[in-house]
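Using the supplied hints, reconstruct the complex from the two chains, each of which is provided in its own coordinate frame.
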Amino acid sequence: MSLSYLTPEFKVLRDYDKCINCKVCMRQCSFEVHSYDEHLDKMISNDMNCVNCQRCVVLCPTQALTIIKHPQTFKEHANWTYDAIRDIYRQAETGGVLLSSMGNDRPYPVYWDKMVINASQVTNPSIDPLREPMELRVYIGRKPDKIEIDENLNVKTKMPPQLKLETPIMFSAMSYGSISYNAHAALARAAEELGILYNTGEGGLHKDFRKYGKNTIVQVASGRFGVDREYLNTAAAIEIKIGQGAKPGIGGHLPGEKVSEDISATRMIPPGSDAISPAPHHDIYSIEDLAQLIYALKEATNYQKPVGVKIAAVNNVAAIASGIAKAGADYIAIDGFRGGTGAAPKRIRDNVGIPIEFAIAAVDARLRSEGIRHTISLVAAGSIRNSADIVKAIALGADAVYIGTAALIALGCHMCQKCYTGKCNWGIATQDPNLVKRLNPEIGYKRLVNLVQAWSHEIKEMLGGMGINDIESLKGNRLMLRGIGMTQKELDILGILAAGE
Amino acid sequence: MLKEGYVRIPSGCAISGIIDRTGRLFSGQSIADSIATMHDRSNGLGGGFAAYGIYPDFKDYFAFHMFYDDLIAKQETENILKANYIVALEEKIPTRKTAHIKNAPLIYRYFAIPRPEKLKLSELDENEFTIKFVFNINSNIPGAYVFSSGKNMGVFKAVGYPEDVANFYKLESYKGYMWLAHGRFPTNTPGWWGGAHPFNLLNISVVHNGELSSYDTNRKYLEEFGYICTLQTDTEVAAYIFDLLLRRHGLPIELACKVVASPLWKQVERMSPKEKILYTNLKIIYGRALLNGPFSMIIAYEDGFVAINDRIKLRPLTAAKKGDMIYVASEESAIRQVCKNPESVWIPRGGEPVIAELIRDNEKEMYSTKEVTA
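Top line first, the protein sequences correspond to chains X and H. UniProt numbering applies: residue 1 is where the first sequence begins, and numbers increase by one. UniProt numbering applies: residue 1 is where the second sequence begins, and numbers increase by one.
None of these hints come from the bench; they were simulated from the model. Incorrect hints may have been included.
What the hints assert, rightly or not - If you want a taste of the chain H side facing chain X, the calculated C-beta under 8 Å gives, among others:
1) Trp265
2) Ile277
3) Pro294
What the hints assert, rightly or not - What follows is a set of in silico ranges between Cβ atoms, one per label pair, in the way DEER data are often shown:
4) Asn152(X) <-> Lys59(H): 28 to 38 Å
5) Lys132(H) <-> Asn152(X): 33 to 43 Å
6) Ser286(X) <-> Gly250(H): 33 to 43 Å
7) Glu269(H) <-> Ala119(X): 24 to 34 Å
8) Ile117(X) <-> Glu269(H): 24 to 34 Å
9) Ile117(X) <-> Lys132(H): 34 to 44 Å
10) Arg210(X) <-> Lys274(H): 29 to 39 Å
11) Gly250(H) <-> Tyr295(X): 28 to 38 Å
12) Ala119(X) <-> Gly350(H): 17 to 27 Å
13) Glu172(H) <-> Val116(X): 48 to 58 Å
14) Lys132(H) <-> Ala499(X): 33 to 43 Å
15) Lys274(H) <-> Glu230(X): 32 to 42 Å
16) Ile80(H) <-> Asp289(X): 39 to 49 Å
Everything numeric in this text was worked out from a predicted model, so none of it was measured. Glycine included, every Cβ here is placed at the ideal spot set by N, Cα and C.
So here's chain H without its partners, still in its complex pose (with noise of 0.2 Å):
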């Protein structure tokens, strides 16, 4: 049987968010007592989390954590990553043994800036240098993997549920203001540690229940761009098209929204004129980024994490808001679990993203007003 990554494997899947507006740190517990409620959504192939803010000593350093097959792996990258970074601090991410996660990787992680001469001579800025890094162990070094890019953020999966990878990463010795957490349920894997979400690039990270159809369509538009997409998995190629989007072409996240999940041309056509022009070309440009098929998608960056279905909904996603936490689920009861009694419980439309923020000076709320009574 082939290795994920070398075959494509459908699967369904929970996902859930949480973020205090206010960049007030908390534990990951929450985040994990919210997907383990969630546990018939997953079959014990696959869970994961991302988290944001967890690393503030070191915020200025490129988090690298890394999945090694063994010392060989190892070496290899290490030799690549200290001939082009300045590490200033490697370790293994620590874990705590436990019943239900078995056959674990090196896990390691490095904090690392760009070695100024190296950048230089690239001509790159350091998140494109960055992205070529990671490229290159994820294609070139066998039983090397960078499962996590980003500054002051780390994701954390491993194959398991996702309460057990919660617990065998120790995650609620963590601090975050934001968090994803994601529980697989692929149909058929051997069973791989990188094919567990979340999937992340620099400082963008994609929990995704649900099934591109347009896999294949997206894949080859983001090689377009040199993006390179070694993991046959859905959810990958909608971490690119968000970073292309967002911070190679400049998009505003809503603007980026309405390419994965484009209104329809017969909404485009009851539009404003200048909407008509904005929306008429996103579609004319972006028509291969659609993401179609089945998803509900909680996808995180620097600023915030949108949620966001497929524009005929065919996946599950409920917010909810307390305060200044935002709170989104594949089910309600994963946020209730958390969240005990919510301002409001809303069911976004098809395509109708959850932006959810960090509170900035003067800046009006951004999520969400569509509110339906759960």
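Looking at chain X on its own, in the form it has when it is part of the complex (with noise of 0.2 Å):
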């Protein structure tokens, strides 16, 4: 089964009158597109070979190159579309799952965009954060009902550990093995000086970056990966892995070549091994179970941190969230399905799950029809793309949110999709140390840094253009949003009004 039925995705266009045969694309592209041909004394290209990561022509020194989606293509057909019958030639060559990368690409409605929000006029002055102090620090994890003090005004409340972020932004978790050491190094340092947290995933926690502890949250996965009393206890705070938004109800594999025996080393198994997380955890088959070991995590860390669960987001997430708050945790992450990945099946991560949209305003609006609300954190994640998206996320119920896609594109990714084959031209996905090197963690964390710092600033903006000086009074106030081209029932369930109301 040699032949393929396959055509380029993409087309490269050079420009041979600028091309001065420096040979840095060739160097530069891991899939192996660009050659010099010595005989015709020129760069020439594979087009098959193309993912469009675009790192051959950022670097080419004379800009010589172009890449566009290859004009080749089938006979129109609106329902057997062009990817409908790229994926049948390939699953029918290999007869494997397809994989793919990164968040969902399907056209579903993004209701970020389809919400809008207010802005103060006259009976309610906006205000100027330039002149006006504007607060956006959050606290996430578990709050008592009430504050207990003594006559002298020392409180006798016990409270609950919590993460104090100075921005409602945190790094997603993303595993050493699914991105570079690099890429870890710049996030924890990012983290750091953000004065908020980064997320280890579920690879384990590098050595390294145990001095980044106080800005770290680990997580326990089904596949246990390098978890001991050291590595829950050097973290701010512990997050247990129950779903990915973009593969609910899935687990993960780290393929053996990639374990190398750094990573190895990090993960706690053999190297060269296939890492794999199952899709349940082996001792949770119930809420009990997770309530189980929810108090092991606590036990184990003396109730000095926070545990958090992270769950995708699915039809019925407000009631397994409410269980999950009566289990004990301290936050809970939901993770939409645009989530990213770093790798996937295509049909689960294009086909399962909900918009985080919905599930925070179905969450929000659960646990406040229980009386929980208050009491602990929701934490937002799944294609949180700018600063506005999170100001809506907020509004519709969130404490604070994951940011995973647009911190990696922060630090380079071109949204290739192909993370999953272990070749990232920016050495974000990949774990070969020739990649590795070409992500500077210290200009990564700098970016990261301006990223993080720029949407603060359009964060304040925007409050204070609502008239609010505190991110706390934007937490649930949907009456800031307002719908633009939804049904009444969308309208409902995300519990706003539409635009004009």
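Set out below in structure tokens:
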């Protein structure tokens, strides 16, 4: 079966008037698109291999390269689309599950873009954050109903442990394995500088990054990679990973060839062995099992660390979240169906789960109806693309958000969606030492800091526009949102009015 | 056009408050004169007063002030009231016909105490029992509204300018030791009597100049504790937040003020270790109770009142003292109208409460000592 019916997805256009045969493109492309033809004395390209990561385009010193969508196409058909036909060719050739990376790229409605934000005029003055204080600090963790103090104003309430965030943004879980050492180094350092947290994902905590412990959330996933007492106690918080937005109900698999010595040490598994995270936790088959794990982790950390639970946004997410709250979790992270991933079965990624906008609104409403919303924190994840998405997520009921894909884009990711190949030309989703070196953590962390600071400035401006000077007053403040182009049912679930109402 | 209560109406306003800290009773004419000075801060679509100490003969009874749209609403309400309370006196609230107050609903008051057997059956204290009664009437009986439910106090409000409202209710004939007043400037309202200030729950009454941009956050937070916000009005949530903090959670008034107008994080960072723990925890636990947006507000409670601004002072508030009298108002003119030579006049800073409580034995004065020459 050597014959392939696949045609190139992209076409590399080279301006030979500009090309100087410097071979940078050849050296930069891990997918081996470019080569030098000595006979012709010119660079040539193999379009078939191009994934449109644009590394060559960006680094070409003479800007000689352009990559376009390949003009070759199939006969137009509204049902049997280009992608549908290509996928059949791929599966007919390989007999395998189609893999893809990053988030769901199907054209589902983006509900963030169907919501608009309020601004004050006259009766309630807007606040200028350049002149007036604007507070973005949030605390993630379980909150008591009330404060208790004695007659001398000493606090008697025993406060559960809290995560302090200087801005309501955290870096999503991305494991060492799915992304590189240098990517983790950049995320950890940026989190420290920003006063926020990054998340190790399920791949363990590299010994070099233990110094960032107070800015680290460690995951306990079904694979239990790297989990020991030191791992738990080094971190600021522990997150039990039940589900992931890109692949709800699906486990994880890091192929053995990616399990280098360093990753093996971090994950505490033999080098070269497949790292399989089963779909369920081997010890969690019910909500009461989850409660036992939550308290086992709290015991192991002497009740000093918040324990959160991350789930994918699915149909009955509100009831599940209610159960998690009652099982003793300190926060719930909900990952929408556009959440990114290093590798997921494409059909799962593109068809399973629900948008984070609905999930957050439904969970917030459910927890409120039970009178427990104020006792637990809610983190929204799954394709937060800009500061306006964050404002909308918080107005729908989140306390903070996780950003994953956006952080990777800040590091240089060009969304070629080929993370699963391990050949990331940007040094992000790869373990190839030569590729990893391409991501300079010094530059990377500054870019992350810039991104989060820029978004924080924008959040302050939007808050000020609403006449709010503390992010706390935006939480669940759905009166600040209006919907455009939605059905009444959609508006009702989101709990917002239509524009003009 | 939707009736207010079904739609949220932003508004500006005027406020005024007077207390005699010795508990001496004085006529409602003073507060009426004070608020009338700020006529232009109202637009005739709402005025109201809260008077404390006016019902000494019934001081142990809840004084329910009610608006009814019709006799059916009255009958339904009274059926529930009398099934749950022993009513010592029921009467029309005395009013006088004036040219400026129109379309008055049926206005009644009842002095009542919960029936012991009902109270026992409910397993609630009389305050919680009464809150449930108030929410039940306001939510479930169309055309009926409990607008005052405290003891030895009452709220009087209407659609009109505040001086006309005072005249309508004959406030000059009442004597109280503490008075609040409000003139309302809603931007767009069909004029609803229940939408006028003060807003009251049990002994807490609030008058408010401003608009809360945190309203929806506050409302949802309160609903988790069983409060039902039926009026879509900012001030309603302020009344309930103070009830939650003072009565249910037992916070001293100073700390309740530090919840609704919390110190900034950078101020907290500069505090002593003990204070830092207290204020950090207050902000963490009660972040959703922060009142955001512009406000100057007077909150009356059993022991006195507190006047407070939002923490960046987006609305006016002036305070003055003369002997045992404390005055607060949106404008200094409203104070000088009824207090010719105050000993001191000051403008409290954003978030700095002016607390004026009844003087008890060996109690030091608790109101703000920070004075700024006006």
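How the hints compare with the structure:
no.: 1; hint: Trp265; in the structure: holds (5 Å)
no.: 2; hint: Ile277; in the structure: holds (5 Å)
no.: 3; hint: Pro294; in the structure: holds (6 Å)
no.: 4; hint: Asn152(X) <-> Lys59(H): 28 to 38 Å; in the structure: holds (33 Å)
no.: 5; hint: Lys132(H) <-> Asn152(X): 33 to 43 Å; in the structure: holds (35 Å)
no.: 6; hint: Ser286(X) <-> Gly250(H): 33 to 43 Å; in the structure: holds (39 Å)
no.: 7; hint: Glu269(H) <-> Ala119(X): 24 to 34 Å; in the structure: holds (30 Å)
no.: 8; hint: Ile117(X) <-> Glu269(H): 24 to 34 Å; in the structure: holds (30 Å)
no.: 9; hint: Ile117(X) <-> Lys132(H): 34 to 44 Å; in the structure: holds (37 Å)
no.: 10; hint: Arg210(X) <-> Lys274(H): 29 to 39 Å; in the structure: holds (33 Å)
no.: 11; hint: Gly250(H) <-> Tyr295(X): 28 to 38 Å; in the structure: holds (31 Å)
no.: 12; hint: Ala119(X) <-> Gly350(H): 17 to 27 Å; in the structure: holds (22 Å)
no.: 13; hint: Glu172(H) <-> Val116(X): 48 to 58 Å; in the structure: holds (51 Å)
no.: 14; hint: Lys132(H) <-> Ala499(X): 33 to 43 Å; in the structure: holds (37 Å)
no.: 15; hint: Lys274(H) <-> Glu230(X): 32 to 42 Å; in the structure: holds (34 Å)
no.: 16; hint: Ile80(H) <-> Asp289(X): 39 to 49 Å; in the structure: holds (47 Å)
Comparing the model with each earlier hint shows no violations; every hint is respected.
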